[in-house]
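Novice: From just these sequences and the hints, can you work out the full model?
So the chains spell out like this:
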Amino acid sequence: MGARVELKKCYHEAEGSEKKGKRNVFSLDVNFEMKNELVVLFGPSGSGKTTLLKCISGITQPDDGNISVDDRIYFDSGRKINLPIQKRNLGFVFQTYTLFPHMNVRKNIECGLKGWEKGNKEKRVREMLDLLHIEELETRYPSQLSGGQKQRVALARALAPKPELLLLDEPFSALDRVIRIELAEKIKHLQKKIGIPLLFITHSLDEAFLLADKILILYRGEIQQFGTPEEIFYNPKNIHVAEFVGISNIFSDAWVEEQDEGYDAGPKCTVLKSGGMRITVKPLNLKEGDKVSWGIHPENITLLLPGSGSEDQDENIYPAYVHSIIIKGPKKRIVLKLTKHEKSLTAELPAQFADALNLNTGDLCLVKMDVSKVVAF
Amino acid sequence: MIPMLDKIWFPILITFWIATISSLLVLCSGVIIAYVFARHDFRGKGLAELFVTLPLVLPPTVIGYLLVVLVGKNGFLGQLIFKVLGTGIMFTWQAAVIAAYTVSLPLMVRTAKAAIEAVDKELEHAAYILGRSELETALLITLPLAKKGILAGLVLSFARAVGEFGATLMLAGNIPGKTNTMSISIYSAFQAGNNELAQVLVLILVILSLLSISLTGKFIDREKFEV
Numbered sequence: 001m002g003a004r005v006e007l008k009k010c011y012h013e014a015e016g017s018e019k020k021g022k023r024n025v026f027s028l029d030v031n032f033e034m035k036n037e038l039v040v041l042f043g044p045s046g047s048g049k050t051t052l053l054k055c056i057s058g059i060t061q062p063d064d065g066n067i068s069v070d071d072r073i074y075f076d077s078g079r080k081i082n083l084p085i086q087k088r089n090l091g092f093v094f095q096t097y098t099l100f101p102h103m104n105v106r107k108n109i110e111c112g113l114k115g116w117e118k119g120n121k122e123k124r125v126r127e128m129l130d131l132l133h134i135e136e137l138e139t140r141y142p143s144q145l146s147g148g149q150k151q152r153v154a155l156a157r158a159l160a161p162k163p164e165l166l167l168l169d170e171p172f173s174a175l176d177r178v179i180r181i182e183l184a185e186k187i188k189h190l191q192k193k194i195g196i197p198l199l200f201i202t203h204s205l206d207e208a209f210l211l212a213d214k215i216l217i218l219y220r221g222e223i224q225q226f227g228t229p230e231e232i233f234y235n236p237k238n239i240h241v242a243e244f245v246g247i248s249n250i251f252s253d254a255w256v257e258e259q260d261e262g263y264d265a266g267p268k269c270t271v272l273k274s275g276g277m278r279i280t281v282k283p284l285n286l287k288e289g290d291k292v293s294w295g296i297h298p299e300n301i302t303l304l305l306p307g308s309g310s311e312d313q314d315e316n317i318y319p320a321y322v323h324s325i326i327i328k329g330p331k332k333r334i335v336l337k338l339t340k341h342e343k344s345l346t347a348e349l350p351a352q353f354a355d356a357l358n359l360n361t362g363d364l365c366l367v368k369m370d371v372s373k374v375v376a377f
Numbered sequence: 001m002i003p004m005l006d007k008i009w010f011p012i013l014i015t016f017w018i019a020t021i022s023s024l025l026v027l028c029s030g031v032i033i034a035y036v037f038a039r040h041d042f043r044g045k046g047l048a049e050l051f052v053t054l055p056l057v058l059p060p061t062v063i064g065y066l067l068v069v070l071v072g073k074n075g076f077l078g079q080l081i082f083k084v085l086g087t088g089i090m091f092t093w094q095a096a097v098i099a100a101y102t103v104s105l106p107l108m109v110r111t112a113k114a115a116i117e118a119v120d121k122e123l124e125h126a127a128y129i130l131g132r133s134e135l136e137t138a139l140l141i142t143l144p145l146a147k148k149g150i151l152a153g154l155v156l157s158f159a160r161a162v163g164e165f166g167a168t169l170m171l172a173g174n175i176p177g178k179t180n181t182m183s184i185s186i187y188s189a190f191q192a193g194n195n196e197l198a199q200v201l202v203l204i205l206v207i208l209s210l211l212s213i214s215l216t217g218k219f220i221d222r223e224k225f226e227v
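Protein sequence lines correspond, in order, to chains A and B. Okay, so the first sequence: first residue is 1 according to this note's numbering, each after it adds one. Okay, so the second sequence: first residue is 1 according to this note's numbering, each after it adds one.
Possibly wrong hints are sitting among the right ones.
[Claimed, not checked] Just the calculated beta-carbon pair ranges, DEER-fashion: (1) A:E243 x B:D41: 38 to 44 Å; (2) A:K87 x B:V57: 43 to 49 Å; (3) B:V202 x A:S173: 56 to 62 Å; (4) B:W9 x A:E135: 57 to 63 Å; (5) B:L139 x A:G147: 26 to 32 Å; (6) B:V57 x A:K121: 47 to 53 Å; (7) B:V36 x A:D71: 35 to 41 Å.
[Unchecked claim] Derived lysine-lysine pairs resembling DSBU-like cross-links, with alpha carbons at most 30 Å apart: (8) B:K147 x A:K121; (9) A:K214 x A:K123; (10) A:K107 x B:K218; (11) B:K178 x A:K118; (12) B:K121 x A:K54.
Hints listed in this document are in silico derivations from the structure and should not be mistaken for laboratory results. Note that the structure is predicted; figures quoted are calculated from it, not measured. From the three backbone atoms N, C-alpha and C, an ideal C-beta is built for every residue, glycine too.
Specialist: Here it is as structure tokens:
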């Protein structure tokens, strides 16, 4: 059970292209398999997220590759199979909801129940209204609904025909934060309950980590990394992924100085040389002298005051001057000038911790980067 | 007074009869043509669109002449009709319908095409994904959402058919009690110096035209569905 997608090439018509028939080449090179789980597609605009969903749904026809869901072949360029959209049996929630404006909520949901016997149809609509808690909206028209309500109706409509795969294209982009989180939890819960593979596009990092069983990071039509949120966050494979997950402190000048095989039962580790610093990281499968990049998430940096005694004992502790302090909601963002590296470092800590340190611009402090939190790729 | 009434009533009735039949034909064929133009690409589409729109810019006498060539006794269609019906249709009300249809079709196609193009394609994709065929989607989603534009096209086509003169005169002639539509009756009454009749018919046509314009305005100034 699950879905398998392998696409090598996909041309698609450029959005807003005036001249019809003029096709823009967009190369989409993806290959992944998913079980009955919630996979979040994450990447910047233009990375091919929507095109990928359009290929799976059949709105766009790829040129090369194959797509199958539960062993049913949707598309296979080699065998010249291209299942018509109508036969694919999937649910699609568009960014713009695409509720039919001239039909009320009930009619919208019924639209996908073609050929159902009348009694079953009514029962199914009722089930969907219950499932999404929208019973009271049954006779309303889309123009009479709020954004969150429209989203629920769109979900109900997509789920009504019992799809074998559910695709959601940035369904929350027009909603405010509170409703976003509420609906995201609802969707996660629904996916577990229904047990079908679900592909969800977002470009909100919070949403991705909140929802995903797995995250698929796309950049310029190629998969950068596909893994659990933990893998993505703690072991980004390359600089793009690191940037996407918010690791803004990236140092690309490092090389492997030493492979520490560990002592007795002690941990193995790799030591990098970056500017004037020696950075200890989790063991890397690299040779001494290999070039490597490393980075750390601003929230994973600990700040200490000089003279607290930890300078000499711990790894990855370096002095820095406070360059600026910015209040960012409940957090404070502190830009630090390292004394042993020309690049500056940004740290983000809860305002109460930052206040306790009583740091001011120009002060000297110690930056501590926990070995387990430093990423290298 | 009685013959006068006859001279007024017959043109009104025959005009409305011709305009109604023509508009029904325009509605059925025009919407299909508009849908195909709006949603499909095919070889020679530009040429086909040009062909359908041409009557909008051609002088009515030219259209009339071309139609005579086509459906006249020696025309390709004319011979076909003669074979099937055993009689020609020149100088009959059916000929007037053909003239009215030809000149009003482009109005419907253009208005309906614009209205169909304005329907969000994603709504159609959503319907396809829900398992609906293209025909079902057109009937359930696209055309209902383009309804106001199509109705506006219908009113325009009807008004154009009511006012049709040049092509009708060439194709159906001016046979009292048979093909003398309002426009043609006004012309011949004026020629014969029967100003009284001309004025009555003019007044009726002006009122009808005003009515149709206000109807069209109502349709075109349509409410926007919030999606």
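Novice: State the violated hints by number, sorted upward, taking the hints as numbered earlier in the document.
Specialist: 9, 11
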